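Residue numbers (the numbering used here), protein chains in the order written: chain A, 1 to 610; chain B, 611 to 713; chain C, 714 to 888.
Watch out, some of these pointers could steer you wrong.
Computed spacing ranges between beta-carbons, pair by pair [stated by the list, open to error]: (1) B:Asp701 - C:Ala826: 55 to 65 Å; (2) A:Glu113 - C:Leu857: 52 to 62 Å; (3) C:Gly872 - A:Phe190: 45 to 55 Å.
To spell it out: a stretch of chain C is covered by chain A in this simulated footprint if at least three of its residues, at any positions, have a beta carbon under 8 Å from a beta carbon of chain A; those stretches are [stated by the list, open to error]: (4) 803-817; (5) 821-827.
Everything labelled a hint here was simulated from the structure, so no lab data went into it.
Remember, it's a predicted structure, so these values are computed and weren't measured experimentally.
Ideal Cβ positions, reconstructed from N, Cα and C, are used throughout, including at glycine.
Next come the chains, spelled out residue by residue.
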Amino acid sequence: MDWFWLVPALPLAGFLVLFVTEGKLPDKVVAFVGAGSVGMAALVALGVGWQFVASGQSSFSLPLWTWIAVGDFTPSITLYLDSLSLVMTGVITGVGFLIHLYATGYMWQDHEEPKGYSRFFAYMNLFVFAMLMLVLGDNLLTLFLGWEGVGLCSYLLIGFYHRDPANGYAARKAFVVTRVGDTLMALGLFLLFWEFKTLEVQAILADADSLTPGMATGIGLLLLGGAVGKSAQVPLQTWLPDAMAGPTPVSALIHAATMVTAGVYLIARMQDVYLLSADAQHVVAVVGLVTLLISSFTALTQTDIKRILAYSTMSQIGYMFMALGVGAWSAAIFHLMTHAFFKALLFLASGSVILALHHEQDIFKMGGLWKKLPIPFWSMAIGSAALVALPLTSGFASKDAILLTAYDNGGWLYWGGGALAAGMTALYTTRMMIVTFFGQAKTEPHDDSKANMWLPLVVLGILSIGGGWFGIAVLDDLLGPIGPLDHFTPLALVTIAVPILGVLVGWVVFSGRVNVSAVVESGLGNGLRRYWHGGWGFDWVYDRVFVKPFVAMARINKNDVVDLVFRIAAALARGLHYVGALTQTGRLRWYAANLGLGLVLVLLIVLEVL
Amino acid sequence: MAIEVPVFHVLILAGILFLLGLAGVLVRRNIMFLLMSLEVMMNAAGLAFIAAGAVWGQPDGQIMFMFILALAAAEVAVALGIVLQISRRFDTLDIDAASDFNG
Amino acid sequence: MTLDLVLFWIPGAVAIGATVAVITRKNASRALIYLVVSLLAVAVIFFMLGAPFAAALEVVVYAGAIVVLFLFVVMMLNLGRSSVMRESRWLQPGMWIGPFILVAILAVVFAYAFASVDGVDTKGEMVGPRAVGEALFGEGPYLLAVELAGFLLLAALVGAYHLGRRYLEERRELS
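Chain A with its partners taken away, still in its complex shape (with noise of 0.2 Å):
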């Protein structure tokens, strides 16, 4: 296990080839450092995993080296592995290599410019790396450095495209949004450093009854506020689906698989903290439960593809923040983990379509592709069947853990708000497959797609149904017990039942069985249309109350008031400055008989005669 550092080294390694090659590698050369640096951190993390397990020991610790030593507070760059670590780790090595592998077939006819291929595996690889140190590192200050680095990747590969500003825009969004919510969790950091005097975080956790409920509330909500932004939750949810600017793949593994997921994992890790506060508990609940109901029905009413998967990626975050909110800390990771796997398979499917029909997004002028790409269509049908939750697929385990836990710990609300949304969930599913994938054909597809692209999606298409087995036999183990999982109670069979039904209504209105535009078209009907469609309007809202004030606040003090003092002070300088010069007459001599008269002034003042 000491070879544990390898594993976020191997990325890192793979970052610096790249940058330092500044792109002059051949592309076949980086694809093989890009995608075989994660695929052996993820080798790695397979043989460290398999010997952490068998060891038996319930956490491993590899202390690198000292990062700063100012007085008592001397953070260390440790790596610690512990079970919810290795889960993460493996999500992110082993879907984070699936996705560099796929990439390098994406990527490789959908880049714009000559370097673009290099940049591209370099940042993934960067993001990689600091995905890696966010779940490895043992004391929160490591964590944020994480934090912002994938914050960081993030930003940069939501604008890859940089030529279209809109792209930029795009990025330069979700980077303000989500330093919101960093500012916050900074502020939760200040407190606990504060009170603990240390950011380790065995050391915090062992420690954390002595905390003062109102301090754990003010702490749990200022972490609950970074885990927001970075995870889009709501309030800070705005940037996900404007993050689809970005490469499909960077969707899949940052704004599906992994980033977004960096939330749940930080309250997973403090989870302690939380224990003591139930207001903050609740809190996490409902903000799960309200960005649950509001994504689901506004992916109802999307039309390009990826948007409405950034949607679903919402609210399936959304179910894990309520899982963590109502205790239910090992069924909110089982369902990352599920999730990781199938949200990554939707992604790289609805890539492959998106690429076979030219970077065609709206999914109205598909249509009738099922024959045309079967490996994406039968990927993305698996994928689709685990989102919703069909019986035996991963997503029907770990949903199901959550909802019927969120029963048992929250009450009806919860359960019912869960089971409402898996519902929407079935419906938004079941439309986007039939639209995409059946009716008329619209386009014709060209799909060139090599071994490379299709064995990912073959491998997580294995793993979005077999991943729940899995989960259930090894997580169990692991993390502690996932939830009931009697399926045989009233409670269990009906929340089996709601995907299926969504599915079926989905298939009935969606394949035209049943004509429902008059209630679509309808004043009402077109007008919550809109209003889902935009969001809940929170966009909205943010560009009243927020940026037009910035910027007309902005516009007002053009000149800088607060600059004035400054350009006084310069101004005084300047003056000095004539008055200065006027004695530079350059001439030698007069400057020593200046330094004479002043030798005869300060030896006056020293010897106190002045």
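Dock chains B and C against the given chain A, drawing on the hints supplied.
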């Protein structure tokens, strides 16, 4: 072994040498003489340090003298380089001619 | 004590006289010779004050190296009879008035300042090179200053090289 004199006398001698050097700096227009006068002034300062060291019987005065020596050597090396430049560009050694340097 | 004073003021008078000559001579080479005399006289005083190492340095570095450097430049600039004539033109008696007033004021201030140490005698001990070296390079406070002096000399070396090289190159271009 060494003489015992009131340090007042030594300082007076150092002061006289210093002031003579200063007078030289102020009066002479030729850069060469100016630099020589500067050497005299520094030497005078060194004498004052040696005198102080002799009062206490400690090596510190001599050490300070050595630093002055290093300073003088550095100064002369650079200053003479500048003298060469000035004589080459202005074809004179008049320090007032070099006031074109200003600005 | 009185004998010591007499012993002290013999080289002292030599130093003062030679220095006066340095600042009044019109011929640069002669002024340099007087400067050497002045420095040697001061070196004798150093020796008498119990600083043999400083006296040796004064002779070797000041009178030896630095003045020789001056001599080189004087020879390079070829300061001959015309420059002596020019010096006489520059050295008008009226020029002495201003500096004399300043120097007189300073002299009064110096005298006043030195009066405070009246009654303090030099110790009359020899402080040899060994003591100097130990204080300079040992566990004393001077290590940093030694490093800084090294830097200063290096900078001077580079600066002198730079200035001198430009001089030569430009001359080559012109010829």
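Consistency of the hints with the structure:
no.: 1; hint: B:Asp701 - C:Ala826: 55 to 65 Å; result: 44 Å, violated
no.: 2; hint: A:Glu113 - C:Leu857: 52 to 62 Å; result: 53 Å, holds
no.: 3; hint: C:Gly872 - A:Phe190: 45 to 55 Å; result: 51 Å, holds
no.: 4; hint: 803-817; result: holds (count 4)
no.: 5; hint: 821-827; result: holds (count 4)
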